[in-house]
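Enquirer: Chains V and F are the protein sequences, given in the same order.
Here the working numbering is used: the first residue of the first sequence is 16, the next is one more, and so on.
Here the working numbering is used: the first residue of the second sequence is 55, the next is one more, and so on.
Hints were generated in silico from the structure; no laboratory data involved.
Remember, predicted model here, so these are calculated numbers, not experimental data.
Please note: incorrect hints may appear among the correct ones.
Stated by the list, open to error - One side only, chain V facing chain F, incomplete, derived with CB under 8 Å:
id : residue
1  : 66
2  : 86
3  : 93
4  : 116
5  : 164
To be verified - A short list of chain V residues far from chain F (calculated; beta carbon distances all over 10 Å):
id : residue
6  : 22
7  : 27
8  : 45
9  : 92
10 : 97
11 : 107
12 : 113
13 : 124
14 : 125
15 : 143
16 : 191
17 : 193
18 : 198
19 : 202
20 : 234
21 : 252
Unchecked claim - Pairwise CB distance ranges, derived in the manner of DEER restraints:
id : chain 1 : residue 1 : chain 2 : residue 2 : range
22 : V       : 242       : F       : 87        : 55 to 61 Å
23 : F       : 266       : V       : 211       : 54 to 60 Å
24 : V       : 127       : F       : 132       : 50 to 56 Å
25 : F       : 79        : V       : 77        : 46 to 52 Å
26 : V       : 171       : F       : 139       : 25 to 31 Å
Note that beta-carbon positions come from the ideal geometry of N, C-alpha and C, so glycine has one too.
Listed below are the residues making up each chain.
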Amino acid sequence: MRIEIDEISKQFGVTAALHPVSLAIPSGALVALLGPSGSGKTTLLRILGGLEFPTSGRVLFDGQDATGLTVQDRRAGFVFQSYALFRHMTVFDNIAYGLAARPRASRPPKAEITRRVTKLLELIQLPDIGSRFPSQLSGGQRQRVALARALAIEPRMLLLDEPFGALDAKVRKELRQGLRDIHDETGLTTVFVTHDQEEAMELADLVVVMSMGRIEQIGKPQDIRARPASAFVQSFISA
Amino acid sequence: MTDWLSPEEWRAVALSLRVSFWAVLASLPFGIFVAYALARWRFPGKQVLNGLVHLPLILPPVVTGYLLLLTFGRRGWAGQVLDEWFGIVFAFRWTGAALAAAVMAFPLMVRAIRLAIEAVDPRLEEAAGTLGAPRLWVLATVTLPLILPGIIAGVILAFAKAMGEFGATITFVSNIPGQTQTLPSAIYSFMQVPGGEAQAARLVAVAIAIAMAALLLSEWISRAVARRIAGP
Ligand SMILES: Nc1ncnc2c1ncn2[C@@H]1O[C@H](COP(=O)(O)OP(=O)(O)O)[C@@H](O)[C@H]1O
Ligand SMILES: [Mg+2]
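Put together the whole structure using the sequences plus the hints.
Expert: Dropping the structure here:
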């Protein structure tokens with residue numbers, strides 16, 4: 016799905032988390048929001064997911080105004096920074112959550128839910144952990160379960176906040192490839208937040224560099240490397 | 055097994071249990087709602103609500119009882135409305151004792167539940183929302199299971215407080231044997247008459263036993279629940 020961000024701003028009391036920013040994300044792209052802490056990346060992602068509403072401006076999905084759409088109606092698969100798994104439920108129930116929460120009329124039958132969860136567990140290459148609880152998983156496994164849970168609702172887009180933030184270097188590398196594979200397999204428009212320029216450059220088709228609530232530059236990784244648009248971008252990507 | 059307490063004493067014990075049970079049960083939905091609002095929502099008048107909820111904790115119980123009488127008594131505005139519309143009467147009935155106990159125990163209940171809600175990461179509820187779950191479903195499947203230990207703690211605390219409530223109850227609904235004479239009022243009455251010390255002492259023993267049982271039960275339940283929520 017094509018996403019357009021049209022002159023979005025966000026004010027938290029007196030702090031301006033986002034000055035009016037605009038951005039067009041082509042359907043099926045894998046986009047990184049890159050910037051230092053406090054630059055407004057999470058705020059922008061949460062506005063896309065319907066978890067926060069802009070002070071001004073519009074969000075368009077496939078050309079349709081989605082600015083006022085509730086979080087439930089967005090159908091955006093969201094992976095939180097700390098994964099936000101339900102610790103009182105098994106991995107299976109976590110992944111099944113979005114399907115089981117549907118109104119009776121559109122809820123798939125039990126067997127169908129089981130089939131889909133099993134398939135997702137295979138997709139994240141953890142076929143045997145359905146009966147475990149989140150507390151029994153490693154960080155990398157939790158991240159993949161969070162991803163599977165978001166994919167279970169057949170989302171229209173995938174939004175990930177620092178998906179590799181809390182992991183050690185080796186696991187990060189593996190999971191980067193994992194996200195790339197899942198993106199290529201599902202073809203979902205995917206936006207992820209990171210403060211790691213190497214991660215953004217390696218993984219994304221399109222990198223959006225942010226600083227202090229503004230977008231500094233939008234471009235392909237090689238273009239940003241070759242022609243940084245500002246002194247900030249220059250210093251940030253060479254850091 | 056029943057003959058070591060006189061019928062009159064039994065009535066007081068049974069009435070206290072009934073009053074406390076209904077006081078806690080009826081106020082629990084409000085307690086969860088108010089705790090949730092105080093923990094999660096921002097709205098004008100939040101501090102006023104917070105103050106009102108906690109008022110019975112700091113006011114002399116006699117004052118709370120007097121205010122209840124003014125409001126929910128036969129001539130109080132709320133008392134008249136409830137009587138005319140729903141046929142509910144509080145004045146000098148056991149229901150009034152339950153109302154007084156509920157009001158006095160409410161701050162303790164709200165506090166325990168509120169602390170539990172504040173300990174739940176709001177991102178869990180947000181995550182459930184992104185998965186398409188309506189808010190009530192999120193409440194039932196995510197928030198409530200996670201705060202269950204807090205709810206149980208609040209319920210037991212409120213129950214214990216309701217069992218012991220004296221000042222507001224006696225001011226609001228008086229001390230009528232079989233009607234509004236709860237365990238503490240009965241102890242008080244026995245102590246006023248010569249030779250009533252033995253009766254008073256027996257009821258004191260019952261009060262201690264009930265309090266201990268409530269404490270042990272809450273300990274046991276919250277452990278069991280904590281185990282279940284954390285997973286094996
Ligand atoms: N809920 C909030 N209330 C107040 N200020 C906030 C809130 N969320 C974010 N901010 C502020 O907005 C700015 C951008 O935050 P954020 O989007 O989280 O940045 P990033 O994800 O790039 O680190 C920061 O100054 C932050 O303090
Ligand atoms: Mg952030």
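Enquirer: Next, verify each hint and record whether it holds.
Expert: Evaluated hints:
no., hint, verdict
1, 66, "holds, 5 Å"
2, 86, "holds, 4 Å"
3, 93, "holds, 4 Å"
4, 116, "holds, 4 Å"
5, 164, "holds, 7 Å"
6, 22, "holds, 24 Å"
7, 27, "holds, 12 Å"
8, 45, "holds, 19 Å"
9, 92, "violated, 7 Å"
10, 97, "violated, 7 Å"
11, 107, "holds, 12 Å"
12, 113, "violated, 3 Å"
13, 124, "holds, 17 Å"
14, 125, "holds, 16 Å"
15, 143, "holds, 16 Å"
16, 191, "holds, 22 Å"
17, 193, "holds, 20 Å"
18, 198, "holds, 18 Å"
19, 202, "holds, 20 Å"
20, 234, "holds, 29 Å"
21, 252, "holds, 30 Å"
22, V/242 to F/87: 55 to 61 Å, "holds, 57 Å"
23, F/266 to V/211: 54 to 60 Å, "holds, 57 Å"
24, V/127 to F/132: 50 to 56 Å, "holds, 52 Å"
25, F/79 to V/77: 46 to 52 Å, "holds, 51 Å"
26, V/171 to F/139: 25 to 31 Å, "violated, 49 Å"
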